[in-house]
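**Student:** Sequence:
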Amino acid sequence: MFKYPTSFITVLFYSLSIVVSLTLSLPAMESHHAPNPTSDQISAYEMFCKDYSHLQLCKLEFTLQQALAELQYIILNDDPIDDSENFKTKRKSAFVRFGKRSNDDDMLFDKRKSAFVRFGRSVEDPINGQKRKSSYVRFG
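Numbering (mature numbering (1 follows the signal peptide of the UniProt record, and there is no 0)), first residue to last: -21 to -1, 1 to 119.
Everything labelled a hint here was simulated from the structure, so no lab data went into it. Predicted model, so just to flag it, every value in this text is computed and none were measured. Don't be surprised by glycine CBs; every beta carbon is placed ideally from N, CA and C. Mixed in with the good hints, there may be bad ones.
Pairwise CB distance ranges (calculated) [unchecked claim]:
(1) I53 with A23: 16 to 26 Å
(2) S(-5) with N56: 44 to 54 Å
(3) S(-5) with A46: 16 to 26 Å
(4) F27 with Q51: 23 to 33 Å
(5) A48 with F(-9): 37 to 47 Å
(6) F(-9) with Q45: 33 to 43 Å
(7) F41 with S18: 31 to 41 Å
(8) E49 with S22: 44 to 54 Å
(9) N56 with F(-9): 51 to 61 Å
(10) L55 with S(-7): 28 to 38 Å
(11) N15 with A48: 15 to 25 Å
In the SDA-like style, the derived pairs of lysine to any residue whose C-alpha atoms are separated by at most 25 Å in a straight line are [unchecked claim]:
(12) K29 with E40
(13) K29 with L39
(14) K38 with I53
(15) K29 with I54
(16) K38 with D19
(17) K38 with Y24
(18) K29 with T17
(19) K38 with F27
(20) K38 with N15
(21) K38 with S22
(22) K29 with N15
(23) K29 with D19
(24) K29 with Q44
(25) K38 with M26
(26) K38 with E25
(27) K38 with L50
(28) K29 with A46
(29) K29 with L43
(30) K38 with A23
(31) K38 with E49
(32) K38 with C28
(33) K29 with I53
(34) K29 with F41
(35) K29 with N56
Let the sequences and hints guide you as you build the complete structure.
**Tutor:** What follows is the structure, given as structure tokens:
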């Protein structure tokens, strides 16, 4: 029924387990460090990834390099910066803003392009001093 007798497979697994247990029990394994790769090994790896760039190993290595660069950028540039003055200039839309508004947060708007369609408020807005319904999101 089987190609190899079961006793042969049992002996093979038993010898393999002995080899693994002896390898893991060596005291030198704890202090063993991987040797630094030589320039020949690095160039061989780069040549391999150049030829076989579609393999997951090369893609994973590139992704890890990007992640390490991002982490290094985040760690080195972790200074808290107060951007409250620059927030108005960075805003992409003058009409929709997320976050609580301050009382002195008035923006000047240019003349509307259409007299019939109005999004937001203009300079001559008569309801400038009225209280908004929501202090967090403003539409118009």
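**Student:** It remains to establish, for every hint, whether it holds in the given structure.
**Tutor:** Going through the hints against the structure:
no.: 1; hint: I53 with A23: 16 to 26 Å; verdict: violated, 32 Å
no.: 2; hint: S(-5) with N56: 44 to 54 Å; verdict: holds, 51 Å
no.: 3; hint: S(-5) with A46: 16 to 26 Å; verdict: violated, 37 Å
no.: 4; hint: F27 with Q51: 23 to 33 Å; verdict: holds, 26 Å
no.: 5; hint: A48 with F(-9): 37 to 47 Å; verdict: holds, 45 Å
no.: 6; hint: F(-9) with Q45: 33 to 43 Å; verdict: holds, 42 Å
no.: 7; hint: F41 with S18: 31 to 41 Å; verdict: violated, 20 Å
no.: 8; hint: E49 with S22: 44 to 54 Å; verdict: violated, 26 Å
no.: 9; hint: N56 with F(-9): 51 to 61 Å; verdict: holds, 54 Å
no.: 10; hint: L55 with S(-7): 28 to 38 Å; verdict: violated, 52 Å
no.: 11; hint: N15 with A48: 15 to 25 Å; verdict: holds, 21 Å
no.: 12; hint: K29 with E40; verdict: holds, 12 Å
no.: 13; hint: K29 with L39; verdict: holds, 14 Å
no.: 14; hint: K38 with I53; verdict: holds, 23 Å
no.: 15; hint: K29 with I54; verdict: violated, 31 Å
no.: 16; hint: K38 with D19; verdict: holds, 21 Å
no.: 17; hint: K38 with Y24; verdict: holds, 13 Å
no.: 18; hint: K29 with T17; verdict: holds, 18 Å
no.: 19; hint: K38 with F27; verdict: holds, 12 Å
no.: 20; hint: K38 with N15; verdict: holds, 22 Å
no.: 21; hint: K38 with S22; verdict: holds, 17 Å
no.: 22; hint: K29 with N15; verdict: holds, 22 Å
no.: 23; hint: K29 with D19; verdict: holds, 15 Å
no.: 24; hint: K29 with Q44; verdict: holds, 16 Å
no.: 25; hint: K38 with M26; verdict: holds, 14 Å
no.: 26; hint: K38 with E25; verdict: holds, 12 Å
no.: 27; hint: K38 with L50; verdict: holds, 18 Å
no.: 28; hint: K29 with A46; verdict: holds, 20 Å
no.: 29; hint: K29 with L43; verdict: holds, 17 Å
no.: 30; hint: K38 with A23; verdict: holds, 16 Å
no.: 31; hint: K38 with E49; verdict: holds, 17 Å
no.: 32; hint: K38 with C28; verdict: holds, 9 Å
no.: 33; hint: K29 with I53; verdict: violated, 29 Å
no.: 34; hint: K29 with F41; verdict: holds, 12 Å
no.: 35; hint: K29 with N56; verdict: violated, 33 Å
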